[in-house]
Amino acid sequence: MSRFSRRDFLITTAGAALASGMAGPALAGLETPKRGGTLIGTWGGFEPQSLFVPPGGGSSPYFTSTKVLERLIRLTVDLKFEPVLAVDIKPSADFKSYTIKLREGVTWHDGNAFTADDVVFNAMQYWKPISAGVSLDALEGAEAADPLTVVLKFKAPVPEFFLKSVLAGKSGLVIPKHIYAGSNIITNPINNAPIGTGPFKVKEWVRGSHVEYLRNEKYWNPGLPYLDRLVIRWWRDPASRAAAFEAGQLDIGTFNPIPMPDIARLTSGGKFIAETKGYSNSAWVTTIEFNQRREIFKKREVRQALMQAIDRQFIADTVFFGRARPSIGAVASSNSIFFTKDVQDYPFDVKKAEKILDAAGFPVKGGSRFKLSLVSAGWFEENIKIGQYVKQAFEDLDITVDLAVPDRATSLKRIYSDYDYDVAISNNSGSVELIPSTTQYYTTDGIVKGAAFRNATGYSNPKLDEIVAKMTVETDEPKRVALAKDFDRLATIEAPLLPMVDLEPVTIVRSDVRNHSATADFMGESWAELWLDR
Amino acid sequence: MLNLAIDFARRFARNRAALIGLLLVIVVVGVALAAPWLFPRNPLRIVGRPEIWPFVNSRYPLGTDSLGRDIAAMIAYGARTTLLIGLCASLTATLIGITIGATAAYFGGWIDEMLMRFTELFQTIPNLIFVLTIVSILGQKIEYVTVAVGIVTWTPIARLTRAEFMALRDREFVQACRAMGMGNLRIMLGEILPNALPPVIVLSSLVIAGAVLFESAVSFLGLGDPNVSSWGRLIGDGRTLIRTSWYICAVPGLAIMITVLALNLVGDGLNDALNPKLRDR
Chain P
1414 MSRFSRRDFL ITTAGAALAS GMAGPALAGL ETPKRGGTLI GTWGGFEPQS LFVPPGGGSS
1474 PYFTSTKVLE RLIRLTVDLK FEPVLAVDIK PSADFKSYTI KLREGVTWHD GNAFTADDVV
1534 FNAMQYWKPI SAGVSLDALE GAEAADPLTV VLKFKAPVPE FFLKSVLAGK SGLVIPKHIY
1594 AGSNIITNPI NNAPIGTGPF KVKEWVRGSH VEYLRNEKYW NPGLPYLDRL VIRWWRDPAS
1654 RAAAFEAGQL DIGTFNPIPM PDIARLTSGG KFIAETKGYS NSAWVTTIEF NQRREIFKKR
1714 EVRQALMQAI DRQFIADTVF FGRARPSIGA VASSNSIFFT KDVQDYPFDV KKAEKILDAA
1774 GFPVKGGSRF KLSLVSAGWF EENIKIGQYV KQAFEDLDIT VDLAVPDRAT SLKRIYSDYD
1834 YDVAISNNSG SVELIPSTTQ YYTTDGIVKG AAFRNATGYS NPKLDEIVAK MTVETDEPKR
1894 VALAKDFDRL ATIEAPLLPM VDLEPVTIVR SDVRNHSATA DFMGESWAEL WLDR
Chain G
25 MLNLAIDFAR RFARNRAALI GLLLVIVVVG VALAAPWLFP RNPLRIVGRP EIWPFVNSRY
85 PLGTDSLGRD IAAMIAYGAR TTLLIGLCAS LTATLIGITI GATAAYFGGW IDEMLMRFTE
145 LFQTIPNLIF VLTIVSILGQ KIEYVTVAVG IVTWTPIARL TRAEFMALRD REFVQACRAM
205 GMGNLRIMLG EILPNALPPV IVLSSLVIAG AVLFESAVSF LGLGDPNVSS WGRLIGDGRT
265 LIRTSWYICA VPGLAIMITV LALNLVGDGL NDALNPKLRD R
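For the protein sequence lines, the chains are P and G, in the order given.
Going by the working numbering, the final residue of the first sequence carries number 1947, and the count climbs one at a time with no gaps.
Going by the working numbering, the final residue of the second sequence carries number 305, and the count climbs one at a time with no gaps.
Honestly, I wouldn't trust all of these hints.
[Claimed, not checked] Which stretches of chain G does chain P cover? Using the computed rule of at least three CB atoms under 8 Å from a CB of chain P, they are:
#1 86-96
#2 121-128
#3 159-167
#4 219-226
#5 265-279
Hint data in this document are derived by calculation from the structure and do not stem from the laboratory.
All values reported here derive from a predicted model rather than from experimental measurement.
For glycine and all other residues, C-beta sits at the position ideal for the given N, C-alpha and C.
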């Protein structure tokens, strides 16, 4: 079984490389992997609060926990689901129950066997109440038919792609029942040194510096992992990560580890590669959001006019040094299943924007049409520049703008708790599946005061809610795609918030590191297949 | 009065370094005042291609930053911000410092005890962290940055004023004033303060230089007012480009260095001019 999955893996990665016409590092999978060695990795962010944060906790704990904890399935770069702990997941004819066949011979790091009981525990005690949230609202029960078979039961039909996305997503990590049962999963101290089924075991976490993992000798996939040791180390500053690469102290860094202008300098010598694959299931965008609690922005024409006033190509080229693209519609263009070009377009046109504002009843009076407060979230350095550019773009329409770029905590509070902004610039990352990661910014049930990265504009439209509700229970994939396109078209015309640019995150990696970036969310992959050609 | 001023000027001029400092300060003030005429457009406007090096394009003598904004314009307008914050913060600090120092020394006893403990409380908090805290609580407005810098820099002034007042409060001329029945406030402001002021003025001039540095640090860390141009912010924005376009950091860095140096030299000159005996010794 495991041999099959490995061959399958190699075929899919090679296929992806050929399909994209790129002789990238993924092709290196055709060479014979070498065993051994230590890999030092990092990402473009900080140390996590805990190695594993059960409710989520952002990218940092996701990065550290996924080397230890695995999921039932995973999503490849060409968006096919691949077996990990489950060998097969099949829906019933009415899509109200799913049968999961588990892999044989999997053990936890402490020697206990992985069985159907673990999955039942995860489904009912961890995924539904803690990690998946509304995604598993319809889940009614889970039972173990035999030690390697689990049946999940739902009250309503659940689309196959949707359920598999949840299981392969950030919330689908499988935790051991024998350790968590009867305890508070969120506060269990084992989260600082999690026990899983994955290819790496936690050796030690030196706070403020790094976490060290050792090879799991009893990993279910014989021969894997290739590495003997994996170290994840954190730096606070992008420039110092660039220096660490050059000093040979760092092998791989995911999610924009170094300053954009340094990428060309570092990769020009051939010693390092800038890899853009491996992010299709976490499509990052920079959004502009119009607070619907303000009279001005209740007018759709005003929102559309302001969209037209922004030169998004400029943001992509100058602020992101070309590592971003102007967004088209509400669904990211990297989403090869649900993306559509057939949406309202907002080309950069100041004259037209002025005309729309004049017609909408906001002519220039005393040198200004109206005054607005612009809050640009200060968690990314680029947002400072985008804020300054957007301020200027609005001022060109004779709008008076008061810009603020608060720090992370204040930005979260002003945008998502206090709704204390007229126009906001924020970010989010969506999975390929649109529910709820993309739709929650537009639907009425996405308005949750204080919950970060939801519908903060207060936009509510029954027509849009209805489309999303239909999508939630539509099990026919082509029909579902059609509904997603309806959603995209409506959201884009309405424009309560819209992505301005799709970011193109980069992994910086030494050229002797092989077999990386082959899945849809590489940063959250187990890294068992990575090997060093040294 | 005129003689006194000439005397003061002569003593100040004896210190050559101070003269140079004064000249530099005048240049910076001149640039700040002339900014709207030199650069009629909003300095934060994107005007050209990003990352044009200095002395390459005559339209942008100091080059453009990573967004394509004219660095020369930002430096000129940044001088206004910097000087304004420096002066206002120094004024705030001096007012607080003199009030607390004078009250403590003049009344003595438990008032002195209390005010000095209060001063020590402020002295023990790391300055920069205190400024950042105040700014992040009040918000990113230039007024708040000024207030914050004023609040953290008044303690040395208070201590100096207190020492000067202690030395003066029991002198004969003060006792004579008391015997004549003058009120406390009048003695403090009218009699003691003018005599205690010279060293305080010197210190206040140095506080301006400190305030410039604080403002730069706050802006560098991205907590300054994004609606105005500032030298520190320019350095902070240019930080990621330091390996390729280092001039974006270097130009405002040079401006800060020259201004702070000039203010310190002027402070030295003032010290010489106001405390002539000290110098001759």
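Against the structure, the hints:
By the rule of at least three residues with a Cβ nearer than 8 Å to a Cβ of chain P, the coverage given for the region 86-96 of chain G holds, with 3 such residues. Judged by the Cβ-Cβ criterion of 8 Å, the region 121-128 of chain G is not covered by chain P as claimed, because only 0 of its residues qualify and three are needed. Only residues whose beta carbon comes within less than 8 Å of a beta carbon in chain P count, and the region 159-167 of chain G has 3; three or more means the coverage holds. Counting residues of the region 219-226 of chain G whose beta carbon lies closer than 8 Å to any beta carbon of chain P gives 0, which falls below the threshold of three, so the coverage claim is violated.
Counting residues of the region 265-279 of chain G whose CB lies closer than 8 Å to any CB of chain P gives 5, which reaches the minimum of 3, so the coverage claim holds.
Of the numbered hints given earlier, the model fails hints 2, 4; all others are met.
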